[in-house]
Amino acid sequence: MSIHKLIFRLDFEPNFQVIDSPGRILQLLHEAGGGKDWPELGETREKRTITGKIFDREGGWLASITIDPVAISGYMESISGLSLEKIEDSTPISRLFRITNKIRQEFSINIFKRTGLRMFLFETEEETNLVKSACQKGFYRLYEQDLLSVLQENLGSSTDCGMAFDGINDEEMQYHIKWGPYRESELRQHLKEFHSIYKNCSSDPFPPDENIILTIDIDLFETDHSISESISLAKWCRPMIERTLKLRKELFEIIKTKTE
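So the mapping is simple: my numbering equals the position in the sequence shown, first residue as 1, plus 188.
Careful, some of the hints might be misleading.
Okay, the calculated beta carbon distance ranges per label pair [unchecked claim]: (1) E313 with N342: 29 to 37 angstroms; (2) L343 with D208: 52 to 60 angstroms; (3) K366 with E448: 22 to 30 angstroms; (4) C349 with E313: 16 to 24 angstroms; (5) K446 with T411: 30 to 38 angstroms.
Simulated from the structure, these hints should not be mistaken for lab results. C-beta: ideal position from N, C-alpha, C; glycine also.
Please model the complete structure; the sequences and the hints are all you need to start from.
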């Protein structure tokens, strides 16, 4: 399973130390990784927002971190995809998590109104041992035949489909998930920032991946809770990663039975 986009956001009550310390935040960003983690720094004084960005064309990824008085948010896109199993060890995510941990410790941020992790996952033929047509066939069989018949009679045969679910578990973690067979146009939709930068620095066409057979967009979040400063962001997100891995495994077990 490859993760191609990750977004996390930590919302908290207004932190006046953050408001008064833009210079210190910029210093932490500048010093991170020996000055190599965030080569592009910025400040929006009207909104009191500090940003750090990096675009690694050779590695095929970009990342950004945004700090303001009420939130810390991180963003990553990777055109080739990163391994979800070891996502915390990847270069872009480790940089995002490392600076977020430093900011949290510097300003004692441990009580949150909302914390969320959103992941965009692309499944390929090699990872699933399914060709695109078989995956689509199995996915369609998850629907009631009567529903597909009504759709076909009134609008014609569908060329793609998907599902969306919202819910909450016993541990008060809420979720929103969308998944379904892959449309090639979705690659640019999911990788908007990368595509925008890529086309400005390369004459080569933005490389689509025709081997992708299914996309999963999963958003996991909690509200009104605390995270100890001693708990790193990697440790905080690990249970969500494990749930996603288990979900993916069981999902494809079902789809494979429908292709038989």
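> Has the hinted range 22 to 30 angstroms been met by the Cβ atoms of K366 and E448?
Replying inline: 26 angstroms, holds
>> Between the beta carbons of C349 and E313, is the distance compatible with 16 to 24 angstroms?
In response: Holds, at about 19 angstroms.
> Taking the beta carbons of K446 and T411, is their distance inside 30 to 38 angstroms?
Replying inline: Holds - the Cβ-Cβ distance for K446 and T411, about 36 angstroms, lies within 30 to 38 angstroms.
> Is 52 to 60 angstroms a correct range for the gap between the Cβ atoms of L343 and D208?
Replying inline: With a Cβ separation near 58 angstroms, L343 and D208 satisfy 52 to 60 angstroms, so the hint holds.
>> The hint says 29 to 37 angstroms between E313 and N342; measuring C-beta to C-beta, is that right?
In response: 33 angstroms, holds
When each numbered hint is compared with the structure, no violation occurs for any of them.
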